[in-house]
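S.K.: Respectively, the protein sequence lines represent chains A and Z.
In terms of this note's numbering, the numbers along the first sequence are unbroken and rise by one, the last being 559.
In terms of this note's numbering, the numbers along the second sequence are unbroken and rise by one, the last being 598.
What the hints contain is simulated information worked out from the structure, not anything from laboratory work.
Just so it is clear, the structure is predicted and the values come from calculations on it, not from any experiment.
There could be a bad hint or two in this list.
Examples of chain Z residues lying across from chain A (beta carbon under 7 Å, computed) [claimed, not checked]: (1) Val321; (2) Thr377; (3) Gly384; (4) Leu387; (5) Leu388; (6) Ala511; (7) Val518; (8) Leu558; (9) Val562; (10) Val564.
All C-beta atoms, glycine included, are put in the ideal place defined by N, C-alpha and C.
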Amino acid sequence: MTSILTNLFDGVAYGMLLFVLACGLAVTLGLMNFVNLAHGAFAMAGGYICAVLVNGQGWPFFAALPFAFIGSGLIGAAFERGLYRHLYTRSHLDQVLFSIGLVFMSVAAVDYFMGSSRVFINLPSALEGQFDAFGVGIGRYRLMIIVICGLLTALLQLILAKTRFGSRLRAAVDDPRAASGLGINVPQVFAFTFAFGCGLAGLGGALSAEVLGLDPYFPLKFMIYFLIVVTVGGSSSITGPFLASLLLGIGDVAGKYYVPKMGPFVIYTIMIVILIWRPNGLFGRTAAR
Amino acid sequence: MATSSDVGRIARAHASWHWSEIAFWCLALACGFAFPSRYLIMTDIVRLGLFALSLDLILGYAGIVSLGHAAFFGIGAYSAGLLALHGVITEPVLALLVAGLAATVIGFLTSFLVIRGVDLTRLMVTLGIALLLEALAERYSDITGGTDGLQGIVMAPVLGLFEFDIFGRTGFFYALIVLFLLFLIARRVVHSPFGLSLRAIKNNPLRAAAIGVPVNRRLIAVYTLASFYAGIAGALFTQTTQLASLDVFSFERSADLMLVLVIGGTGYLYGGLIGAVVFRMLQEFFSTITPEYWQFWIGLVLVVIVLVGRARLHRWVLLVPNWISRQLSGRKAAVAIPESEA
Chain A
271 MTSILTNLFD GVAYGMLLFV LACGLAVTLG LMNFVNLAHG AFAMAGGYIC
321 AVLVNGQGWP FFAALPFAFI GSGLIGAAFE RGLYRHLYTR SHLDQVLFSI
371 GLVFMSVAAV DYFMGSSRVF INLPSALEGQ FDAFGVGIGR YRLMIIVICG
421 LLTALLQLIL AKTRFGSRLR AAVDDPRAAS GLGINVPQVF AFTFAFGCGL
471 AGLGGALSAE VLGLDPYFPL KFMIYFLIVV TVGGSSSITG PFLASLLLGI
521 GDVAGKYYVP KMGPFVIYTI MIVILIWRPN GLFGRTAAR
Chain Z
257 MATSSDVGRI ARAHASWHWS EIAFWCLALA CGFAFPSRYL IMTDIVRLGL
307 FALSLDLILG YAGIVSLGHA AFFGIGAYSA GLLALHGVIT EPVLALLVAG
357 LAATVIGFLT SFLVIRGVDL TRLMVTLGIA LLLEALAERY SDITGGTDGL
407 QGIVMAPVLG LFEFDIFGRT GFFYALIVLF LLFLIARRVV HSPFGLSLRA
457 IKNNPLRAAA IGVPVNRRLI AVYTLASFYA GIAGALFTQT TQLASLDVFS
507 FERSADLMLV LVIGGTGYLY GGLIGAVVFR MLQEFFSTIT PEYWQFWIGL
557 VLVVIVLVGR ARLHRWVLLV PNWISRQLSG RKAAVAIPES EA
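Pulled out of the complex, with its shape left as it was, chain A reads as follows:
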């Protein structure tokens, strides 16, 4: 019984992490209809920024996290303005090729500068080990992940629903033409959202170094997971990807624990079945563009 709860807890932590990693992609892929397979590269950038700051410069872990966010966000903004912007109207094949090229480049570049072995970020001792709550083993680090990611999710929901920027984004996504007719600077809104999503991915990358492992192959290894979150979750709201991430996280942890021999088999099968059953995702509708 307790092992079920512990697994559930780990699964929720994993799922929340996946959500923070992938919610930027939910906007680019789900809403702007840009097939960006290189999303993981921005997450990896955040992870490595955090690793360099903490391990190399001796910064405290929590001080480095915001910089992982800002660093990846800036990189994302630069790429959006410099490269991605020109490809919004191209075919999906072009977008796929372009982003695969970026993934290859990022893998080799990180390998060149940082080495090919897995990187560990030095954690403060307060985050290590686990404690028992009502007989359930709770890892401190995972608890922190749940708290941070939970807060971020609530914040995102608030921004989308309550702020002026949120309503602009929703308008731009629903009907870019009408939105620009109303004086909303649609490209700017998309650029900012793209950069913000990359920043979140970077933060997720920094947080996930301990759980998922951080090495140059990160963008390739987890690409399919990000894609699953977005395609299965759909893109009508933030809730869809969030629920999909939780399902994926819990399913993956439980699958690895109870049927370790089947490995990722279960996840892929479920994904294909869901996509066949509902091509626009479980909670989705078609993208506006």
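Model the placement of chain Z on the given structure of chain A, informed by the hints.
M.R.: What follows is chain Z alone, placed relative to chain A:
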């Protein structure tokens, strides 16, 4: 407006052999005699060319974007390996056909999943199928050999006559002949009314359906055919390298394949073959400069190709050959630029 007899005449003119095509195949054959020390890499190019030809059938002619074409390559590779390893069918040509058919069956079954949905769903489903097969191959490692791969494959002589030699001479000519035969079939297929209907579907599925083309059935047919080709390519891989390991299913293989096809250009069959030559040369070139980081430069090539624009790039590349062929024969260039990109 072209009358129907005009359409037939133009289609037949396109289907007739151009002298530059004959020159291309003569050149390929000549390479087999000119570079006896390079059989291994040339065999590799031929295999890759066949694999890219397979992707061209669905991407260039039917417009299906697949990120998991390695699935069928892997099925073919493991089928050929298992057939040879357990001595079920030792004769390579027969084993090649059986392995191809195994991939065809999987291709036919999965085609129903692939034709549903839009581009993005197709991407995910094809990718998912390849990953699924990779996970399965890893799971049943008692059959597939797991991460070590199938070991100790010994190939019988081709047709009982030609022994596989250590220099790869037999392997090269065997692969080249297989490629040529399959190319002939593919050429016949894409110039048939069936091939023309595929182009119609690619350009506009709705309009194709409106003029009476059974869109889904055509897509299933071409997807199945392409999986046969990919299976054959995989089987050739196992037979000529005597190796089959988990990486036959890997995502990198599917991604590299896209690059091969994009370098050569989609939709005129030779794109995959030319792309295979250029890609391998590039890979060799980059890995002599930077043995560990060649992937970076390959990625850069991909990004630049997309940013410059594939159609424009191919116009530049084909500028000189087309000009020469216009001057010499005064007729339409053989390697025409595909009218619209996928």
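S.K.: Now tell me if each hint is right for this structure.
M.R.: Going through the hints against the structure:
The interface hint given for Val321/Z holds, since its Cβ lies 5 Å from the closest Cβ of chain A, which is under the 7 Å cut-off. Contact between Thr377/Z and chain A, as hinted, is supported at the beta carbon level, the nearest pair being about 5 Å apart and thus within 7 Å. The beta carbon of Gly384/Z comes within 5 Å of a beta carbon in chain A, closer than 7 Å, and the hint placing it at the interface holds. With its C-beta approaching chain A no nearer than about 5 Å, Leu387/Z sits inside the 7 Å limit, and its interface hint holds.
A least Cβ separation of about 4 Å between Leu388/Z and chain A falls short of the 7 Å threshold, and the interface hint therefore holds. A distance limit of 7 Å between C-beta atoms decides the matter here; for Ala511/Z the minimum to chain A is near 5 Å, and the interface restraint holds. Here the hint on Val518/Z is kept, as its CB sits about 6 Å from the closest CB of chain A, short of 7 Å. Interface hint at Leu558/Z: satisfied, since its Cβ lies 3 Å from the closest Cβ of chain A, which is below the 7 Å cut-off.
Satisfaction of the interface hint for Val562/Z is found here, the shortest Cβ-Cβ separation to chain A being roughly 4 Å, below the 7 Å cut-off. Contact between Val564/Z and chain A, as hinted, is not supported at the beta carbon level, the nearest pair being about 11 Å apart and thus beyond 7 Å.
Hint 10 from the list above is the single one not met by this structure.
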